[in-house]
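*Asks:* Use these hints to put chain R onto chain X, whose structure you have.
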Amino acid sequence: MHRLSWTLKMAFRDFRKNIAKLLLFISSIVIGIAALVAISSFGDNLKNDIDRQAKELLGADLELENNKPLGDQALDSIAEDIASEINFASMVSFPASGDSRLTQVRALEGNFPFYGKLETVPAEAESTFRTSGKKALVEKTLMALFNAQVGDSIKVGEVTFVIEGELQKVPGQTGIAATVAPAVYIPMEYVEETGLIQFGSRVRYERYYKFAENENIDQLIEPFQEGWEEEKIDEDTVEDRKRSTGRSFANLSDFLSLVAFIALLLGCVGVASAVNVFVKEKLASVAILRCLGVSSFGALLIYMTQIVIMGLIGSIIGAFFGTLLQFALPMVFSDFLPVEVNVEISWTAVTFGVITGLFISVLFALLPLLKIRKVSPMSTLRPETEEGKISKDPLRWVVILGIVAFIFGFSFYLLNDWEEAMGFTGFVIFAFGVLWLMGIGIMWAIRRFLPLSLNYPIRQSLSNLYRPNNQTISLIATIGLGTAMISTLFFVQNQLLEEAKFADKEDQPNLLLFDIQTGQVGDIRNRILNQDLPILQQVPIVTMGLNEINGLTRAANEELDEEERRSRSLYNREFRVTYRDSLIDSERLVEGKLYQVENPGDSIFVSFEKGYAERTGVNLGDEIIFNVQGRPITTYVGSFRDVSFRQLSTNFLVLFPDNVLNNAPQFHVIITNTKGDLQSANLQREIVQEYPNISVVNLSTIVETLEDLLGKISFVIQFMAMFSIVTGLLVLISSLIISKYQRLRDSILLRTLGASSRTVSLINTFEYFFLGSLASLSGIMLSFLATLLLNLYVFEFPVRWAWAEGLLVYLVITAVTVLLGWLNGKNIINKPPMDILRS
Amino acid sequence: MSILAVEQVTKIYQSGNRKLTVLDHVNFQVNSGESIAIVGPSGSGKTTLLGLCAGLDQASSGSVLLNGHKMELMSEDQRASVRNQDVGFIFQNFQLLPTLTALENVMVPLELKKRKNAKQKAQDLLEKVGLGDRATHYPSQLSGGEQQRVSIARAFANEPKILFADEPTGNLDTETGEMIEDLIFNMNKALGTTLILVTHDIGLAGKTNRIIQIKGGKIQEEGNA
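Chains as they are written, first to last, in our numbering: chain X, 3 to 841; chain R, 398 to 622.
With a straight-line cut-off of 27 Å between C-alpha atoms, the simulated BS3-like cross-links for lysine-lysine are:
1) X:K19 <-> R:K511
2) X:K49 <-> X:K714
3) R:K416 <-> X:K376
Covered stretches of chain R, going by a simulated chain X footprint (3 or more residues, C-beta under 8 Å):
4) 468-478
5) 486-493
6) 496-506
None of these hints come from the bench; they were simulated from the model.
Just so you know, these numbers come straight off a predicted model, no measurement behind them.
For every residue, glycine included, the Cβ atom is placed at its ideal position computed from N, Cα and C.
So that you can see chain X by itself, here it is in the shape it has in the complex (with noise of 0.2 Å):
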């Protein structure tokens, strides 16, 4: 017990002298700490939130859901009131400018959303819209886009609407949802008017319900479940949407506090390089202690109180700032969120974050302070008396197992799959262990192969960079690391909006007709023609849904058990499928071969995507029976293909050989290239004009939302990212202030032997030059690699080097290091050799 106190109060007053610099050593862990406890804040925040407004996620009870009109329902007479949607993709056009865009039209009858509300401008546009009259809600991006107003009309199909009022926000719909889909909200009752729902178009029905309040509806519909399963009736209640939401959000969370963590990581190895430095300097003292007698423990025990203490401060302040800095998030969420988020301090988040700076932090600084129980005491009358190796001390092993299981184990709890905690856990450690070998590769080579014929300042500074208690490893590893994941954010977002349109290119295709009626087949083809443009695809559509694979039915298949039963989806969906007897450029077959049918009566082989079949368990030779407008026809796998899903083109997962499918219903797409935007305009509007069913894609309208959409999720991530920069930002300033005393002997030193200000400005100058390079060369060079690696196992592109982007950071990285080492410099060359020599 007096040995405790007596270290307490050791602790205390060393502690007394050291504060500015072990506070400085702890800043590095703010930042992390502080984005760490902002994401859990904001996700427990959203989370009650979620659950408060639960019911204004799906707008009602109980919702039913089915590709075909639902019918009279059981429920319809217990519920206290109903609502009916019928929702479906079509091209709206504004007849005022000609202009049209694929939109998702919702035409509405009753009072859904029975909880919360269709936000409009103006307000009372929710409640007029639905009154007598063809009147429209758009959504507020179609709005802008069409620079459309309140009062102007709008063409959905047939049908010409005005438009009643902006929609502003949809319950439970986020802004992502509106940029990919916007909105067009009309009366149920014009809806056949429009003649939008005709053969092919995929149409949903939706039927809403409002129950009693204290209605239990998990009971209510139990009775019902198993014949909505048998006509495909999907239901969702309450609880599934919160559920369903609550799920997406977390995972959400989970993984933004995972790039939280990664700032919390490079912070804690600042931490580690400083706390370094700092033993470094007190060596002496502990040596002094040791002949004092103090035991190694307790030696080790007095600094480690103070890194303890500034663990704790640090942690709390963190915890502080990140409390603070989620009342920010909604902000920068704002599109993603479902439900408004009320920002309260969540004291869970809090404590999370202080325990696990404090833990990390203590846990990082101990590799470095367990140099202290090496410390020889004889080292008081020879300070060049040998430490301990420290490598071969097993607690230092014993250390590096608690990080590696720390940033497991932490991983783990977030992400609760083991094999994406050890993803991660391999990711941190291959991303450090690479930065790592490059920063001592570079320093290396720098001692073995700089000429002593290069210029002065250039070889002092670079000689600089390992002077003694530098640290430029740990500056490479943690301003890396961070540029790493900025730069790969950019090279990635960059990468996939190249690609996008690369394929805007003169012979491949740019624009897409779809649900093309076939009667309508020939006309279209002629005024595509008439304009001198080509037909590049022109394919037949035939839905169908599977039956039966290998004798098993879809009922059969529900009696297996979890381990046997095949994929559920496989029975649900409905399959598009085209015929044809030869591969376009978009398809490869790996596996089995095409066989064609030329005489009723020869069995039918068809084949699937390689990718979909494995994960359905699909194989060559199945037998399978699909529904093709309630005719069974029997079919065997014939082959797997590679569908590259990359090119805008019609690609299938099942594709029939021909004369099977020729006399089934079907409807087209007709894939064109036209010549410029303008062509592409008036090709569209001449279509959509003549026939409002046909809805158009170009390639450029796809792009545009790719980039409105990127945007959005980018900005989230660079602000993530912006607290690994910031991150590796303090501890650079950590480093230049601790390697402050040092610069100033060596500048005084260099200006007694007569070096001018200006060649010593030059060297310090110099010597962060090649800091910032090396560091975020290094980073660059990691994301490059990153880049190389998502290209070729996540997106399958062809990897596109982004030097123009690659150029850009390492100039914004080299330059703010070495603006930051000049205002740190700016003070030593000022200073007096005189001044030194008498301290």
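*Replies:* Only chain R this time, still in chain X's reference frame:
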């Protein structure tokens, strides 16, 4: 009665593949209350010998018996405890803890020994070395001579049975050095402590009871001062 017995002590340092014998079968004894000086040229092994005698390091072979404790049989932490109980140190470069005031530096051995009134005793010792009014100063605020006086106060604080001094005046000017010498010998005499000092300074060595001359790791000569 012997307080320190050094028997056949050898110290070998390994430098790569090379072995460097710094002390070679050294033998001597020191009686309680005696003062001895270890002298010799640079690199002769005198500081190494002092470190082994004080339990700061371990011999490659041979035995060091300090106040009845066989040093070679003890762990580093056990030796640390012996140092705290029985040993005082004075160093050439003072070795004060820079983050502690003069008073706190003197208090450390007393606190480690769980002595009551540590603060008062430390203050008394500072008065004795003439620094009563500098108690709250940090080492960086003291001159070299003052720092060494704090170091002497600290060395005597735990009332050691044996005091080791490594070139105690080596970093001081002649006048200050003489004052420090007087202080060491006077306090040593007053408290009856055994004194072992390492020095180049023949004048200082002459003030002890006995001189051990060491050269090339071996004792060349041993005799009265």
